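FYI, our numbering numbers position 78 of the sequence shown as 78, with every residue one higher than the one before it.
Where hints are given, some of them may not hold.
Each computed DSS-like pair below joins lysine-lysine, with the alpha-carbon atoms no more than 27 Å apart [said to hold, decoys possible]: (1) 43 / 150; (2) 40 / 69; (3) 154 / 111; (4) 86 / 60; (5) 43 / 73; (6) 40 / 58; (7) 234 / 249; (8) 156 / 169; (9) 150 / 163; (10) 142 / 154; (11) 169 / 154; (12) 58 / 111; (13) 38 / 60; (14) 111 / 40; (15) 236 / 249; (16) 40 / 86; (17) 150 / 73; (18) 142 / 163; (19) 38 / 73; (20) 38 / 156; (21) 69 / 111; (22) 60 / 73; (23) 38 / 142; (24) 142 / 156.
Treat the hints as calculated values from the structure; they're not laboratory data.
Remember, it's a predicted structure, so these values are computed and weren't measured experimentally.
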Amino acid sequence: MPRVVKRKLQKLRLIVEYNKRGKGQGGKNSVLASAAKKWKDFKSTLTRHYILPYTNDKEKLSQPPETYKFIEKAQWDAFVASRLSKDFESVHSQHAQIREKLEYNHRLSRKGYAGLEDQLEETMPGVEIDRSTLWKRARQDKHGNIPDPKVAEKAKLIDELQKQVSEGKVNVYGSNDVLTMALGPEHPGRLRGVGAGISPMQYFNLPKPQRVSFDDHLKESLRVLLQEETKKMKAKAREEALRMEARTKQLVEAEREHFLSQLSQF
Numbered sequence: 001m002p003r004v005v006k007r008k009l010q011k012l013r014l015i016v017e018y019n020k021r022g023k024g025q026g027g028k029n030s031v032l033a034s035a036a037k038k039w040k041d042f043k044s045t046l047t048r049h050y051i052l053p054y055t056n057d058k059e060k061l062s063q064p065p066e067t068y069k070f071i072e073k074a075q076w077d078a079f080v081a082s083r084l085s086k087d088f089e090s091v092h093s094q095h096a097q098i099r100e101k102l103e104y105n106h107r108l109s110r111k112g113y114a115g116l117e118d119q120l121e122e123t124m125p126g127v128e129i130d131r132s133t134l135w136k137r138a139r140q141d142k143h144g145n146i147p148d149p150k151v152a153e154k155a156k157l158i159d160e161l162q163k164q165v166s167e168g169k170v171n172v173y174g175s176n177d178v179l180t181m182a183l184g185p186e187h188p189g190r191l192r193g194v195g196a197g198i199s200p201m202q203y204f205n206l207p208k209p210q211r212v213s214f215d216d217h218l219k220e221s222l223r224v225l226l227q228e229e230t231k232k233m234k235a236k237a238r239e240e241a242l243r244m245e246a247r248t249k250q251l252v253e254a255e256r257e258h259f260l261s262q263l264s265q266f
């Protein structure tokens with residue numbers, strides 16, 4: 001449960017945490033936008049999981065969910081009544097129609113793009129995760145497949161463009177990056193592939209870490225492996241030298257004792 005939601009229900013001062021991209025920073029408007037998004041998501045969760053499936057079961061709707069015990073009975077009754085009203089039914093239907101018209105629906109969980117980026121940075125260390133990669137990964141299922149043919153077509157185009165950029169055949173500059181080339185220009189005030197709260201100016205004007213190509217990453221990995229192998233070979237050579245030295249000493253000692261035994265017979 002996000003603290004901002006709980007504190008809003010309890011009518012306390014809002015607290016908003018910021019991510020590493022600076023999302024939520026920059027003044028009152030950003031803080032309010034972040035708080036409003038969390039509050040909206042929470043109400044949507046309650047509606048989808050605890051109200052709409054039980055519209056014909058008054059007993060289920062009579063008490064707040066066990067998971068959210070901090071919700072007071074009066075608050076819950078008022079919220080349920082608002083969600084079962086004719087006005088909400090009309091708005092819900094309109095939103096469903098809008099969702100159906102979206103061309104490239106993502107499959108992100110509550111972690112959002114920020115959580116996806118953190119996950120990819122763990123599995124792809126040293127490689128810059130740009131928004132075209134995030135956009136594509138956000139639309140893959142758990143097996144790495146893209147079920148929607150239209151999205152799959154765009155993902156294939158992104159792969160091709162990324163390859164051409166790495167080969168130096170295509171140049172990216174400013175907002176004309178791989179995702180823009182694949183999907184077309186951005187609409188004013190929003191940015192695809194990064195989540196809410198990050199403007200085009202914030203994203204494109206922030207300094208990016210130097211890109212590490214696949215070849216550079218491979219060379220570095222091979223260099224590390226070569227160093228480890230060299231250390232192993234040197235250690236093995238030292239062991240062999242010590243073994244040979246010990247064996248030589250044994251032979252010399254045996255020869256000396258044999259020589260002395262021969263002398264003692266005269």
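To see whether the hints hold, each was checked on the structure:
At roughly 31 Å between alpha-carbon atoms, residue 43 and residue 150 are farther apart than 27 Å, so this suggested pair is violated. The suggested pairing of residue 40 with residue 69 holds, with an alpha-carbon distance near 19 Å, which does not exceed 27 Å. Annotation: proposed proximity of residue 154 to residue 111 holds, straight-line Cα distance about 23 Å (limit 27 Å). The straight-line distance between the Cα atoms of residue 86 and residue 60 is roughly 20 Å, inside the 27 Å bound, and the hint therefore holds.
Proximity of residue 43 to residue 73 is assessed by CA-CA distance (about 16 Å); at most 27 Å being required, the pair is judged to hold. With a C-alpha separation of about 24 Å, the suggested pair residue 40 and residue 58 falls inside the 27 Å cut-off, and the hint holds. Proposed proximity of residue 234 and residue 249 is supported: the alpha carbons are some 22 Å apart, at most 27 Å. Taking the CA atoms of residue 156 and residue 169, the gap is about 17 Å. The hint holds against a cut of 27 Å.
Taking the CA atoms of residue 150 and residue 163, the gap is near 20 Å; set against the 27 Å cutoff, the hint holds. Taking the CA atoms of residue 142 and residue 154, the gap is about 19 Å. The hint holds against a cut of 27 Å. With a C-alpha separation of about 19 Å, the suggested pairing of residue 169 with residue 154 holds against the 27 Å cut-off. For the given pair, residue 58 sits about 33 Å from residue 111 by alpha-carbon distance, which is inconsistent with the 27 Å threshold.
Simply put, residue 38 and residue 60 have alpha-carbon atoms about 25 Å apart, close enough for the 27 Å limit, and the pair holds. Distance check on the hinted pair: residue 111 and residue 40 sit about 15 Å apart at the alpha-carbon level, within 27 Å; holds. For the hint pairing residue 236 with residue 249, the CA-to-CA distance comes to about 20 Å; that is within 27 Å, so the pair holds. For the hint pairing residue 40 with residue 86, the CA-to-CA distance comes to about 20 Å; that is within 27 Å, so the pair holds.
For the given pair, residue 150 sits about 46 Å from residue 73 by alpha-carbon distance, which is inconsistent with the 27 Å threshold. Distance hint between residue 142 and residue 163 is fulfilled; the C-alpha atoms sit about 24 Å from each other, no more than 27 Å. Of the supplied pair hints, the one linking residue 38 and residue 73 holds, its CA atoms being roughly 22 Å apart against a limit of 27 Å. Restraint check for residue 38 and residue 156: the C-alpha separation of about 33 Å exceeds 27 Å, so the hint is violated.
Restraint check for residue 69 and residue 111: satisfied, since their Cα atoms lie roughly 24 Å apart, inside the 27 Å limit. At roughly 13 Å between alpha-carbon atoms, residue 60 and residue 73 fall within 27 Å of each other, so this suggested pair holds. Proximity of residue 38 to residue 142 is assessed by CA-CA distance (about 25 Å); at most 27 Å being required, the pair is judged to hold. Restraint check for residue 142 and residue 156: satisfied, since their Cα atoms lie roughly 18 Å apart, inside the 27 Å limit.
In this structure, the earlier hints numbered 1, 12, 17 and 20 are contradicted, and the remaining ones agree with it.
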